[in-house]
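*Asks:* So the protein sequences, as listed, match chains A and B.
Each residue of the first sequence is one higher than the one before, starting from 1 at the first, in the working numbering.
Each residue of the second sequence is one higher than the one before, starting from 1001 at the first, in the working numbering.
To be clear, the hints were calculated from the coordinates, so they are not data collected in a lab.
Don't be surprised by glycine CBs; every beta carbon is placed ideally from N, CA and C.
It is possible that some hints are incorrect.
Chain A is nowhere near these chain B residues, computed Cβ spacing over 10 Å in every case [unchecked claim]:
1. D1016
2. K1031
3. V1055
4. T1070
5. E1096
6. E1113
7. T1173
8. G1177
9. E1182
With a cut-off of at most 35 Å between alpha-carbon atoms, the simulated DSBU-like pairs for lysine-lysine come out as follows [to be verified]:
10. A:K101 to B:K1162
11. A:K151 to B:K1162
12. A:K85 to B:K1151
13. A:K155 to B:K1162
14. A:K85 to B:K1144
15. B:K1151 to A:K101
16. A:K85 to B:K1011
17. B:K1178 to A:K85
Residues per chain are reported as follows:
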Amino acid sequence: MQTSTELAYDSKIEGGFVVTRAEAALNWCRKNSLWPMPMGLACCAIELMAAGASRFDISRFGSEVMRFSPRQSDVMIVAGTVTYKMALALRRIYDQMAEPKWVIAMGACASTGGMYRSYAVLQGVDQIVPVDVYVAGCPPRPEALLDALIKLQKKIEKQPVLKELEISSVLRSKHGEKVGTN
Amino acid sequence: MAVLDLAAKLKAQFGDLISAPSQFRGEVTVKVAEPERVAEVCAFAKNSLGFDYLVDISSVDNYGSDPRWTVVYELYGYGHRCHLRLKTDVSEEKSELPTVTTVWRGADWHEREIYDMMGIRFRGHPDLRRILMWEGYPYFPLRKDFPLAGKPTDLPDVAFTKSAPLEGGPFVTLPGGKTAVEREPRVRTPES
Chain A
1 MQTSTELAYD SKIEGGFVVT RAEAALNWCR KNSLWPMPMG LACCAIELMA
51 AGASRFDISR FGSEVMRFSP RQSDVMIVAG TVTYKMALAL RRIYDQMAEP
101 KWVIAMGACA STGGMYRSYA VLQGVDQIVP VDVYVAGCPP RPEALLDALI
151 KLQKKIEKQP VLKELEISSV LRSKHGEKVG TN
Chain B
1001 MAVLDLAAKL KAQFGDLISA PSQFRGEVTV KVAEPERVAE VCAFAKNSLG
1051 FDYLVDISSV DNYGSDPRWT VVYELYGYGH RCHLRLKTDV SEEKSELPTV
1101 TTVWRGADWH EREIYDMMGI RFRGHPDLRR ILMWEGYPYF PLRKDFPLAG
1151 KPTDLPDVAF TKSAPLEGGP FVTLPGGKTA VEREPRVRTP ES
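Extracted from the complex, chain A is given alone in its bound form (with noise of 0.2 Å):
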C-alpha cells in the first residue's frame, strides 16, 4: 500500500487511477482552492488587490474568487489595522466562517499593532483569532502575500484531517465510548 502523501501519478504504472492516502487528497483539495475572505481594512487591502490583479495573479494559487461572505471562503486575509471598535465585527465574522477556517494576518498593524502603539489600535489580531501565517511588511509586497499563502500550503498539506474527523465523532458518541475502529 502506498504510504506517500504526494500525489503521485504515472499512467504508464497506474493506468487511470491514482492512488493516495484519503488525507493527501483531501488536503490538496483544500490547499489548492483557497478561498479569502478580505479582511481589508487600510493600506494593506491595496496590496491585497494588488496581488489579486493580473500582474501578481492569486488566482494562480487557487484563490480564484474573493469571497467577501464569511460563509463561503476558507482564508480571512486580515489586512490593515484592527481598531478595538472594528475587534469586535472582525470576531464576529471569524466565527461565522465554516470550518475548516485559516487566518492570515498581513502587515505589522494586523500582525502587532504596527506603528499603533495607542489607546485605540489591537496590538495584534491574534488576540482575538487565531493566525496560521504572519506577513511582515508595511505593506507587504504582493509577493510575500503570495509567499504566505504558500507557506499555509504548506501547512495545510501536514493537517492531519482523519484524525481530526474520528475525535470529533469520538466527542460527539452519546455514552463516551470509543467509536469505530482505531
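Given the coordinates of chain A, assemble chain B onto it according to the supplied hints.
*Replies:* Structure of chain B alone, referenced to chain A:
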C-alpha cells in the same frame, strides 16, 4: 482686505462679544467672549456674512489653565472666498456649548468627535454619541492627562483593552538640534 471687512461687520453686529480681529500670516481670528452665544454668532456669519461652509471645529485642551477648553470654528465662504476663525473658551466645570448643527449640518460629526475625544457636550445636538471610540468607553482620549498608551478598560463585549506596550515612550523628535543624534533621542520620557 475682504476678511477684515467681514470681521468688522461681525464686530459691529455683536459689539463687545467679539474681540478685535487678530491676524497671523493672512489668517484672521476673532474670539467670542461668551461661549453660550457662539451659535448666534455662527448663524449671523452664515446668513448675513456669507460664510456658508464650516471647514472644521476643533478643540484645544489648555491643561493647567482655566478655562480648560478652547473650541475653534473655521469658517469659509464660497461666494467671497474668505476664511475666518472663531475661538471660544469653555471652562471645565461647564464643558458644554450650544450646537451649531442648526446652522451647518456638517457640524454634526465634528461635534461628535469633540465629544468623544475631549468630553465637551453640545446642547441641542441631534445625536450626541461617540464616533471614534465605542459607546461605553469610559475615558476621553485626547485630553492631555490621558496617556498615549491608553488605560485598560473592562468592557466585556469588546475583546479587551489593555494599554499598548510603548517600549520606552513615544519616539518623537526634539526640535532644533544640530545633529540627528540630538534631534531623535532613543527614548523620550514625558518629563524631557
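*Asks:* Confirm or reject: D1016 of chain B is not an interface residue toward chain A, with every Cβ-Cβ distance exceeding 10 Å.
*Replies:* For D1016 of chain B, whose nearest Cβ neighbour in chain A is about 41 Å away, the distance exceeds 10 Å, so it holds.
*Asks:* Just to be careful, I want the Cα atoms of K101 of chain A and K1162 of chain B compared with a cutoff of 35 Å; is the pair within it?
*Replies:* This hinted pair holds, its Cα atoms lying about 28 Å apart.
*Asks:* So E1113 of chain B supposedly isn't at the interface. Is its beta-carbon more than 10 Å from every beta-carbon in chain A?
*Replies:* 13 Å, holds
*Asks:* So if I understand the rule, the pair passes when the alpha-carbon distance is 35 Å or less; does K1151 of chain B with K101 of chain A pass?
*Replies:* It holds: about 33 Å lies between the C-alpha atoms, which stays within 35 Å.
*Asks:* What's the verdict on K85 of chain A and K1011 of chain B, does the C-alpha distance respect the 35 Å limit or exceed it?
*Replies:* 44 Å, violated
*Asks:* Is the nearest Cβ of chain A still more than 10 Å from the Cβ of E1182 of chain B?
*Replies:* Check passes; 23 Å lies beyond 10 Å.
*Asks:* Is K85 of chain A within 35 Å of K1151 of chain B, Cα to Cα?
*Replies:* 15 Å, holds
*Asks:* Decide, holds or violated, for the assertion that all CB atoms of chain A are farther than 10 Å from the CB of T1070 of chain B.
*Replies:* Non-interface label on T1070 of chain B holds, nearest chain A Cβ at 23 Å vs cutoff 10 Å.
*Asks:* Confirm or reject: K1031 of chain B is not an interface residue toward chain A, with every Cβ-Cβ distance exceeding 10 Å.
*Replies:* 32 Å, holds
*Asks:* Quick one, are K155 of chain A and K1162 of chain B close enough, alpha carbons at most 35 Å?
*Replies:* 32 Å, holds
*Asks:* Does K85 of chain A sit within 35 Å of K1178 of chain B, going by the straight-line distance between their CA atoms?
*Replies:* Not satisfied, since the Cα-Cα distance of roughly 42 Å exceeds 35 Å.
*Asks:* Keeping to a limit of 35 Å between CA atoms, is the pair of K85 of chain A and K1144 of chain B held or broken?
*Replies:* Holds: K85 of chain A and K1144 of chain B sit about 22 Å apart, inside 35 Å.
Hints 16 and 17, counting from the list given before, are not met by this structure.
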